[in-house]
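There are 2 protein chains.
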Amino acid sequence: MSRLPDRERAPDGNDSRGDTGPQEMVPSRKNMVLVDGVILNGPTTDAKAGERFVEDACRLIMEEVVLKATDIREKVNVKAWDAKIPKLVPTLPPHLSFQTPIQFLLSWKAASKCGETGQDPEFHQVCEWRPPEELKRLLDLELRDAGEPHHRLLERCQDIIRYSVKTNHPRFFNQLYAGLDYYSLVARFMTEALNPSVYTYEVSPVFLLVEEAVLKKMIEFIGWKEGDGIFNPGGSVSNMYAMNLARYKYCPDIKEKGLSGLPRLILFTSAECHYSMKKSASFLGIGTENVCFVETDGRGKMIPEELEKRVQEAEKEGAAPFLVCATSGTTVLGAFDPLDEIADICERHGLWLHVDDLLKRCYSANASYLFQQDKFYDVSYDTGDKSIQCSRRPDAFKFWMAWKALGTLGLEERVNRALALSRYLVEEIKKREGFKLLMEPEYANICFWYIPPSLRQMEEGPEFWAKLHLVAPAIKERMMKKGSLMLGYQPHRGKVNFFRQVVISPQVSREDMDFLLDEIDLLGRDM
Amino acid sequence: MSRLPDRERAPDGNDSRGDTGPQEMVPSRKNMVLVDGVILNGPTTDAKAGERFVEDACRLIMEEVVLKATDIREKVNVKAWDAKIPKLVPTLPPHLSFQTPIQFLLSWKAASKCGETGQDPEFHQVCEWRPPEELKRLLDLELRDAGEPHHRLLERCQDIIRYSVKTNHPRFFNQLYAGLDYYSLVARFMTEALNPSVYTYEVSPVFLLVEEAVLKKMIEFIGWKEGDGIFNPGGSVSNMYAMNLARYKYCPDIKEKGLSGLPRLILFTSAECHYSMKKSASFLGIGTENVCFVETDGRGKMIPEELEKRVQEAEKEGAAPFLVCATSGTTVLGAFDPLDEIADICERHGLWLHVDDLLKRCYSANASYLFQQDKFYDVSYDTGDKSIQCSRRPDAFKFWMAWKALGTLGLEERVNRALALSRYLVEEIKKREGFKLLMEPEYANICFWYIPPSLRQMEEGPEFWAKLHLVAPAIKERMMKKGSLMLGYQPHRGKVNFFRQVVISPQVSREDMDFLLDEIDLLGRDM
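Chains as they are written, first to last, in our numbering: chain A, -7 to 519; chain B, -7 to 519.
Accuracy of the hints is not assured; some may be wrong.
For chains that are exact copies, the list does not tell them apart, and a pair is met inside one copy or across any two.
Computed cross-link-like contacts, DSBU-like style, restricted to lysine-lysine with a CA-CA straight-line distance of at most 35 Å [as the list claims (entries may be wrong)]:
hint, residue 1, residue 2
1, LYS241, LYS308
2, LYS428, LYS293
3, LYS308, LYS428
4, LYS217, LYS487
5, LYS208, LYS473
6, LYS128, LYS428
7, LYS208, LYS128
8, LYS40, LYS60
9, LYS249, LYS487
10, LYS217, LYS128
Hints were generated in silico from the structure; no laboratory data involved.
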């Protein structure tokens, strides 16, 4: 792969290559066929120009997104960055004691430049933060009567890439997805180019078979003898399917008759469940009040005795329990509900058990899916198809490609490495002054506080927690404006704001874990 | 864009370029950091090899998908095609009278080769049809413990492209999407490379603003002073949103309390509505029996007097009417419900009126969307967000890019041309022997029968219709196996199987309309 020269922009906005013409061609007037003043013979689109545009854009994407994904260093304008620093200082929360702005500025600049943390001041930013109004001005998003020539569209593409958050960047830790998987990326490019919709063999033969192959392997992987499933546009939609299936199992008539006149259906999930449970209950007409949140233990796991108590209470009240949604890997703490004990309770009370996608967390393939244990799904809709959608993207394909490329063993290695990196980070947090774990993690979710110097000697009373609550948002703002990394934070069930790191990306290494802690300390040490 | 040489495959399956190594690198052992036997320093993925793979795959996609999209001619193996013809003959429906297979074979081959229809026997197929078991063998979809080297993955990509239906092909007329829009394709490539998820400004600043800009323009376009909306993964999901909103409007308590104990909610839609209406009613707990299908006139339009009658009946029965789903452009006939009269009825009875996406049919941008007229949506979910999904792709972006490139005027031209092409096709159908319109189309959906020679002199009685019913499927099978075009057919409300052509793709021209009729005649003239 040879690096491409920087795209030239003529100062007057004209394309130096001269492809300024309109995108739509004037159709041929030879043997003209006119209907209502429209010439119908020949194509109107200039295929050659369109193809060149796609090719140029692909080069840009390759250069600006794919090649930079694993590259943390880049020449950035250090002057521009210097100019930004003073702006950061006044945004420190007023309730904390600080050094003077100048002290902070000097120490930060010194640390940044002297490589105290091993970080080069010339780095490839995770994000180039701009407030909405400024960004609107920079992008010119308005849609007009006239179209734009290709060279200008390419400039727009460049700007869109520039101001987008680099979720592929090795230091993007903000969400439960990160990193770049080359294989699933290629599969997604192919999907977009072929533009299939998965509903009949006739129109999507390859992708229907791909989905079947992935599901077959996943079912085998879990250890089931048979099973069925479908790839959905996300975990929230998958949870809705699960709830709908359980309801159908409880009372198939609901499909035709609806819920009107029936006893109140009630479902049980842990207080740590994904918020899509409430959304699903609302959407499906069950009602959010009929989601019963079962108490969890200190680690975030559903307490089976509490579950059984709540089921019995609901039965006594005349409600109709129909579903338990267990979670394997909760969103915040990464907790696993005790499935065996929950399954026993479900059996005793005749309840459907759904487990919220364990595998989603295991493979960093950005695929969300859902398993269902039996076949009645095929008949739960008149049309006989399995999806609530009509058109559906072949989401299994990206997962298939990554699996094919890496093999089961390669995927296993990725999981093992992510878990080992998590354990490394936990040990580092324990060793370092100013860092404090919320709890020993049971999985790849690592929740921790950064305690700035001014709070380190303070007693852990109400004042301490109130001040600590402000630290993570202040550090987050600084990291966003600097663009050096992105990491999420949240308060959780009485615990004040803490950072949450979930190791996902196959690109991250020990050095990135060190950087994460170094950088937080650098950004927060004046607080 | 220079054409690429054909990818070489060594006969033993080894890559002649030598990149056979494993995809995952062995991590550096220098300054090794070990946790549980896993080396943590340095990346494990070989970024250089991954980047090269993406680049090679992009070239393949460009060559095999994008450049071929507008190209109907290609060197295919004429011998292989000749060998296929005899297989087609025995599949003719037994209830029709035919020439002998040999007569058919000879006349077809002669017509194909002599260019009677202007078609070259060496053509780029819309599909290369294989039955499922054969296709499985050809593709080797099985997922194994070991991964595969890049050159083999590229071969797989090539095969996947080869056996996929070419929905970009100018003669793919099978669905309500077709053709290749270079601008939305680039936007989709960018989306996949940047891998954003649209939920907060923090993580998706650009795409949130893009969605806002597109919605703003669409609202302005419709002529509303204000409005709100969201891009969804398809029209079916959009209809579910609409139904949920109407229900919330009818009784906001349903969100928390559910439907249990409430009167039976009932909604009204035309007998020609999209099947997602029933799915939505089932999913939302309303029940399919509570979808009241209002009678349509001969053109497929809802009869307003019938609607009002059914609403009054439902009210008398103690049910609770809450919604009318009108359709602007029905799926099969392309009929438009009379919105003004329906709106008056809705006003009289206090019903929510939803119109199933008119714009989706107008712009061939493959974007599906939904408009909502007021703001209460933001508060209809606890989390304050608008989507039932958590993660969401920036679907507005592909539409934005196409709009930006073509301008409103360019989009308008596309619509005008599609409608003019439709009118051209209608006139051709009227002129040609053996073709018969179901009805004068009111939009771009053109429904017609092909009447083969053996039926042309027959009286239009039960035997005629029974035989005609078998013609479209037989022609469809032949076109699939030949791969020359793809066109959908269906029976509809007492009408026997007919073809349906919807002009969508910006690439099609008058020549493609002629080809469509020529080819159907060629494939069916022996029947």
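Right, here's what the structure says about each hint:
no.	hint	in the structure
1	LYS241 <-> LYS308	both (22 Å within a copy, 33 Å between copies)
2	LYS428 <-> LYS293	within (21 Å within a copy, 67 Å between copies)
3	LYS308 <-> LYS428	neither (45 Å within a copy, 66 Å between copies)
4	LYS217 <-> LYS487	neither (43 Å within a copy, 45 Å between copies)
5	LYS208 <-> LYS473	between (46 Å within a copy, 29 Å between copies)
6	LYS128 <-> LYS428	neither (40 Å within a copy, 53 Å between copies)
7	LYS208 <-> LYS128	between (47 Å within a copy, 13 Å between copies)
8	LYS40 <-> LYS60	both (29 Å within a copy, 11 Å between copies)
9	LYS249 <-> LYS487	between (45 Å within a copy, 30 Å between copies)
10	LYS217 <-> LYS128	between (54 Å within a copy, 21 Å between copies)
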